[in-house]
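K.L.:
Letter by letter, the chains look like this.
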Amino acid sequence: MFSYCADPNTLDTVRWFSCYLTTGVHMSFYASFIKVLALLAVTAPVALGVGFLGAMAARSDLLPVSLLGKSYIAIVRGVPDVAFFLFFVIALDQMFEYVRHRAICPDWTQPVRQGSEFLVCAQAKLPLGNAAEWVHETYGFLLAVITFAIVFGAFAANVLFGGMRAVPRAQLETAEAYGMSRRQTFWRVLVPQMWVYALPGLSNLWMVLIKATPLLFLLGIEDIVYWARELGGTKTSRFSSYPHGDWRMWYFLGLLAFYLMMTRVSEIVLERLMQRLTHGQATTGGEKQRKRVAA
Amino acid sequence: MSCWETIQAYALRSVGFGERLLPRSDFTICEHFTLIGSGMIWNVYFGIVALISGFFLATLLAVGKASSRALYRKPAEWFIFIFRGSPLFIQFFFAYFLFLNLKRTNDFFDPFTAAWLGALIVLFLNTAAYSGEIFYGALRSIPKGDVEAADAYGLSGWSRFRRVVWPTMLRLAWPAYTNEAIFLFHATALVFFSSFPAWQQRGDALYYASHFADKTFNPFVPYPILAFYFILCSLAIIGVFGLINRRLNRHLPANTRQKIKLRMNLIR
Amino acid sequence: MKSILLSTVAVAITATFAMADGHSVVRMGTEGAYAPYNFINDAGEIDGFEREVGDELCLRAELTCEWVKNDWDSIIPNLVSGNYDTIIAGMSITAERDEVIDFTQDYYPPTASAYVAGSEDADLEGGVVAAQTATIQAGYIAESGATLVEFATPEETIAAVRNGEADAVFADRDFLVPMVEESGGDLLFVGEPVPLGGGVGMGLRESDAELRGKFDAAITSMKEDGTLNELLVKWFGDEVATY
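Chains as they are written, first to last, in our numbering: chain A, 1 to 295; chain B, 1 to 268; chain C, 1 to 243.
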């Protein structure tokens, strides 16, 4: 990075650290923070969407649909995320490739499973074997997002399902009395009101989501914990210009600070959001706000 | 080896009884189920002991956080913030590191670097923080009338807390607490995964599942079996907590119990 | 004119098919955490003995290669699932692995594993020995009389000896050499080295016989003209076994 970094052995402490902290690996480390934040930003709305669909399915009048929704919620919530991540990404990837394989190569006669191997025609591979590295990385990122969304979607579905049931019946009955159809009641009365009931649960879920990011490495994403372990581990002078002992402690302290900060910021933002959502709602919080304004 | 023999040989392998060597070739489904099930002993142990011990600390933390005196409130707030704000993964790392250093100063700390105690302490503190926050939320939303009624009956201090405040708090917090119990149970899978070393191949369910995945190179058998066990246990937790919930709300007529449950979402 | 156009199109199509059929890009899967075989250097790139061997092999086999990092635990499942085409990650050729994947001939002679301890009198038969989870070394210790203690990463196994959790660590000798050299006398080799595994080779899918043939031929040519020996000495020192 700096011109004096050519021979780090001769540098004083400050300069040594200025070189050490700007090496290529450290840049990857810093980039991984952005990667994690991006993943959180993308996953949260997708998981919420999946959760919404799950909740809608669970409260459907059609028995098979409602059973499907309920068993999705029960099964995925019952499994530790770490166990899920260990096999789900590969399964998801194989499923996509299998579907493409059936569509693109209908003449293929060999079985797709040969012993332990999973073989599809080259055109069905995802991404294609000769695709650029960034395509592979983006695909891996997408798989991670989908996996996270499916896991956390189940929790979100559970929370939203509870939120939908918590909207006072009187509100729905009033809507019906005004002549709204079922669909109108759902979208115009139930959905806008359920958020305030679901928000505490959803905030909790967001906190859990933040803290699940160290498991990203299982999904093939080099996340911050992976890099902290890699960088903090003992480095000998044969393989690095910056030999040092076991520094994992310091790197993990950095991560601790990052996670605590994320939590604090989220708490503040969610508190504000809650204030806004409670506005004009038929809850104790909404009542309090109204009284404050009146007084 | 028949399946019954396998069960005899490996059902208690995770706690050190039975066959010393793990199966090495021709892995059967029976071996998968037996060993992973054997590992579940540890998950259940961590889950139950941490949950029960954490429950008491959680009550203290909730009362502390709700206290008007900064001397009690501040430590409880910070404790809850730090344990809820950081990944369990990192907590395990620091705890192991700390216990190693303590061990050097005094022989008393010898067992702390082993998972059965060290990891248990982390899980205990972790679940105490999460449940403490849940209980605190419930404490704040206890209906004013309940407390006023207790005052009118001449209850105060400890007896008011034990007879009125605490049961109401539990009643309000129960659904969220059920969730926390499930989360804690899932968290036990991380003990041997990244933090504490496994001694003599005695590990939890995930340890054996990844052992099989590593030997057979096929993740699609052991991990779904692991998932199956965890789903069973989650259902058991939901069942037991549901029974307790019914007992907590036994003074209410059957048709209003549901309503209490719904209001909880509103106040937390 | 029309026929010329058509035939160009036909050629273009067959060409792309040929591209997709043969490996136009060979993806090389490695772990990146096992110096000197493979590790991440200061610039954040994959480096080490296998990086240089792999690049040379691709050059000789006239293949375009790309390097991919993957977690050790899932390195074989991801190969058979087709997420990359080779494993070049210090993987010893064992009978168990050979059942699931194919190996090229070894490009590193059969290795020895060794014990490293904090003092000369460490008890290797009845004491506590650390090893990385799910390695052949861990399997070996489990069957010996010693008490096995398993850690998730090699880093932690060394740390366990330093802080007294374990009496000794049992790992690949070449991984331990730089650790011992730089420890300033804190760590030393004890006991006799144990030959484990059948050399290190590249792992490929069993259905990829053609690619395996190309790499095998390239390894043979590197062995014959001595370039492989030069790389071995460069990365592992003068005492390394050569071909």
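Honestly, I wouldn't trust all of these hints.
Covered, in the sense of this in silico footprint (three residues per stretch, anywhere, with C-beta under 8 Å from a C-beta of chain A), are these stretches of chain B [unchecked claim]:
1. 50 to 63
2. 81 to 90
3. 107 to 118
4. 239 to 253
As a list, the in silico DSBU-like pairs of lysine-lysine whose alpha-carbon atoms are at most 30 Å apart [what the hints assert, rightly or not]:
5. K211(A) <-> K288(A)
6. K125(A) <-> K69(C)
7. K125(A) <-> K74(B)
8. K234(C) <-> K211(A)
9. K215(B) <-> K69(C)
10. K234(C) <-> K69(C)
11. K69(C) <-> K35(A)
12. K211(A) <-> K35(A)
13. K74(B) <-> K211(A)
14. K144(B) <-> K288(A)
15. K74(B) <-> K288(A)
Which chain B residues face chain A? A few, computed with CB under 10 Å, are given here [claimed, not checked]:
16. F161
17. A176
18. P222
Simulated from the structure, these hints should not be mistaken for lab results. No experiment lies behind these values; they were computed from the predicted model shown. Positions of the beta carbon are idealized from the N, C-alpha and C atoms, including for glycine.
K.L.:
None of the hints should be skipped; say for each whether it holds.
P.N.:
Comparing the hints with the structure gives:
1. Proximity of the segment 50 to 63 of chain B to chain A, defined as three or more residues with a beta carbon under 8 Å from a beta carbon of that chain, is not established by the 0 residues found.
2. A stretch counts as covered by a chain when three or more of its residues have a beta carbon under 8 Å from one of that chain; for the segment 81 to 90 of chain B and chain A the count is 9, and the coverage holds.
3. Residue count for the segment 107 to 118 of chain B with a Cβ under 8 Å from a Cβ of chain A: 0. That is fewer than the three needed, and the coverage hint is violated.
4. Evaluation of the coverage hint for the segment 239 to 253 of chain B: breached, as 0 residues show C-beta separations to chain A shorter than 8 Å, against a requirement of three.
5. With a C-alpha separation of about 33 Å, the suggested pair K211(A) and K288(A) falls outside the 30 Å cut-off, and the hint is violated.
6. As the CA atoms of K125(A) and K69(C) are separated by approximately 19 Å, the hinted pair is consistent with the 30 Å bound.
7. For the hint linking K125(A) to K74(B), the alpha-carbon distance of about 56 Å lies beyond 30 Å, and the restraint is violated.
8. Restraint check for K234(C) and K211(A): the C-alpha separation of about 43 Å exceeds 30 Å, so the hint is violated.
9. For a cut-off of 30 Å, the pair hint linking K215(B) to K69(C) stands: about 21 Å separates their Cα positions.
10. The hinted pair formed by K234(C) and K69(C) meets the criterion: a straight-line CA distance of about 23 Å does not exceed 30 Å.
11. For a cut-off of 30 Å, the pair hint linking K69(C) to K35(A) stands: about 17 Å separates their Cα positions.
12. For a cut-off of 30 Å, the pair hint linking K211(A) to K35(A) stands: about 15 Å separates their Cα positions.
13. Restraint check for K74(B) and K211(A): the C-alpha separation of about 24 Å stays at or below 30 Å, so the hint holds.
14. Proposed proximity of K144(B) and K288(A) is supported: the alpha carbons are some 15 Å apart, at most 30 Å.
15. A C-alpha spacing of about 26 Å is found between K74(B) and K288(A), which places the hinted pair at or below 30 Å, so the restraint holds.
16. Because the beta carbon of F161(B) sits about 23 Å from the nearest beta carbon in chain A, more than 10 Å, this interface hint is broken.
17. Taking 10 Å as the C-beta contact cut-off toward chain A, the hint placing A176(B) at the interface holds, the least distance being around 8 Å.
18. Hint status for P222(B): holds, given a least beta-carbon distance of 8 Å to chain A, under 10 Å.
In summary, the structure is inconsistent with hints 1, 3, 4, 5, 7, 8, 16 from the numbered list given earlier, while agreeing with the others.
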